[in-house]
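Enquirer: What follows is the residue order along each chain.
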Amino acid sequence: MKILIAEDETALQQSIATYLERDGNVCETASDYTEAAYKADLYDYDLIILDVNLVSGSGLDVLKTLKKENREVGVIIISANNSLDDKLDGLDLGADDYITKPFHLAELNSRIKAVLRRGKYGGDDTIDFNEIKVDTKSRSAYINGKAMSLTRKEYDLLVFFMTNRGRVLSKEIIAEHLWGDNSDLADNFDFIYVHVNNLRKKMTGEGAKYIKTAYGSGYKFIED
Amino acid sequence: MIRKTSQTFIWISFVLMVVSTIALYFYVSNLLRDEVEEELFSTEARIETALKSNRSPYELPPVVEIMTVTELGIEKLKDTIIYDPSQDEMEEFRELTTFETINGKNYRITVRTLIVESDTILMAVVLSYLIIILLVFTFLFYFSKARNERIWQPFFTNLEQMKEFSMTSTEPLRLIDSEILEFHELKREIEALTTKVKSDYLNLKQFTENVSHELQTPLAIIQAKIENIINGDNLNDFQYEHLTSIQKDIQRLTQMNKRLTLLTKIENKQFVNIQKVSLAEIMNGTIQNFHEISAAEIKWDLKNEIWAKMDPYLAEVLCTNLVSNAIKHNTNEGDIEVTARDKVLSISNFGTKSIANPENLYTRFYRESEAEKSTGLGLAIVKRICDLYGFLIGYEFTEGRHVFSVRVN
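For the record, the sequence lines run as chains A and B. So the number in this note's numbering is just where the residue sits in the first sequence, counting from 1, plus 143. So the number in this note's numbering is just where the residue sits in the second sequence, counting from 1, plus 608.
Note that these hints are calculated values from the structure, not bench results. Remember, it's a predicted structure, so these values are computed and weren't measured experimentally. We put the beta carbon where it would ideally sit given N, CA and C, even for glycine. Honestly, I wouldn't trust all of these hints.
[Said to hold, decoys possible] Below, a list of computed lysine-lysine pairs in the DSS-like style, where the Cα atoms sit at most 25 Å apart: (1) A:Lys-230 to B:Lys-917; (2) A:Lys-145 to B:Lys-833; (3) B:Lys-856 to A:Lys-363.
[What the hints assert, rightly or not] Estimated spans, in silico, between C-beta atoms of each pair: (4) A:Asn-287 to B:Pro-826: 41 to 49 Å; (5) B:Lys-884 to A:Glu-366: 50 to 58 Å; (6) A:Gly-348 to B:Lys-911: 37 to 45 Å; (7) A:Lys-352 to B:Asp-845: 18 to 26 Å; (8) B:Glu-905 to A:Thr-153: 45 to 53 Å.
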């Protein structure tokens, strides 16, 4: 996939690029509004990660131009402003998703995949991995063609793992993905462990041993 | 204040009136008495002259009486009451009795004059004085009252303005200027003071917003870099442990930031999407959401539906914060009970003892014990939301449970 990262903080820009390139994506970067507008206009991308506050202008203006020209490109807005209005503005303008700083790269990656699933593949809402198939439209998972009975959180966890294949996911990242702002509650209890373990059992029961432990307390979804 | 000065004026006027009337009464009555006595003496002198010149003096009892006596007495001036045949009643007279030896004869000459008349004069004088002074005072009273009201009017208007002064309001103070130097200065000082207070407040608010906002990007960078390190090679368990611990702290910082921003936004009244919201429905969703994260069972007892006019997002924050507070502080993992009944939403959890300082519960960053890892902002936000919509929030400790209840109006 070809991705444009329009973010004026070079350190963040590079970190995002590093993370995404490991999945075999091609990342290009833009460090200010002019560069972002120029590149977005000139080249075709599968997805643009757009910071709202670019040094010399607003990322939302880049989005407006893209939408005016009916460009087929997924857009994820990143903003330092955790305000609902900003979020609604961005989504109203046609952004596919909105994420607030600070965010986990795994979370961003998961959302990128979701956007790409919806857009580029023309409504193919499935994630496939060997014998596992997830239908994101009906929120159901199948293993060897057999429906898995998963709780809501287990389903979310499975999708999160599958979209971050080969990544180390710490309990902190998983907790925040599953419970968002309330993840600090999970601090006191080992809920993540319980949820991951339940999911793992349901998968290994069918012979899918993909969830591995990493560094003692983290997890990794990887093929043997 | 004007009433107070008016009262003082009335009292002083009254006292002055009484005193001056009494003084006038005695002065005039003395004056009249002197007149009467002078008249008596002059009449007596005329009678003496008449007697000396052997003219037969006339007698006009009871006004003039002349008698020959054997012995001389002492001259006497007194008030007496005698019968006046002309009036056919007892009347009060002023009487001068003198004894004179004229042409070898001893006479007792008594002259009298009616006091009634002088009393009438006295009364007339005092009464007219009283009426005049009453009129003067009444006029002065209303005149000075009206004038005072006009003079003090800028002061009172400005005072009303100050009562309505609010730091959060964008409306400027509408102060009235006055020709009176003190009021003019007062107005100037109030203006300077309120402008300063407002700008300080705005600066502080701006500062909180800016800090929260500016922190997001560095936090995002740290977080992204840590994630890349974790996903890199050559990492040992020890390093991983520390990196995830940093992740946890970043998470805390992020939460704190978000909540501070939320608090500021609530204080700035930035939530204007007011709708009719079913608190019971939102609470239901919240409990579903927390169901898997809570070790304790959350018992949901919906007696009546609760409707509130508020921002749906804030309604969600309200429910979430109340439930998460209960989960966080639930000891011995007993049940958490949530009840919706008669416009009151109450949440209770187990506790070993009552909160030591309930008055600080809603203070920012207040924590009962150092061991807690909360941001210390959850209940502060709850309180702000309640204040914003006029809900009443209460805390009590009964039967080993902490109970928070929100009464929706």
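Enquirer: All the hints need checking, so say for each whether the structure fits it.
Expert: So, going through the hints one by one against the coordinates:
Simply put, A:Lys-230 and B:Lys-917 have alpha-carbon atoms about 23 Å apart, close enough for the 25 Å limit, and the pair holds. Pair hint A:Lys-145 plus B:Lys-833 holds up; C-alpha atoms about 22 Å apart against a cutoff of 25 Å. Only pairs whose Cα atoms come within 25 Å are accepted, and B:Lys-856 paired with A:Lys-363 is accepted, the gap being roughly 19 Å. A:Asn-287 and B:Pro-826 have their C-beta atoms about 47 Å apart, which keeps the hinted 41 to 49 Å range intact.
Range check, B:Lys-884 to A:Glu-366: Cβ separation about 52 Å, and the 50 to 58 Å hint holds. A hinted range of 37 to 45 Å holds for the C-beta pair A:Gly-348 and B:Lys-911, which are about 43 Å apart. Here the CB-CB span from A:Lys-352 to B:Asp-845 is close to 22 Å, well matched to the stated 18 to 26 Å. A C-beta distance of roughly 50 Å is found between B:Glu-905 and A:Thr-153, which places it inside the suggested range of 45 to 53 Å.
In the structure shown, no violation is registered for any of the earlier numbered hints.
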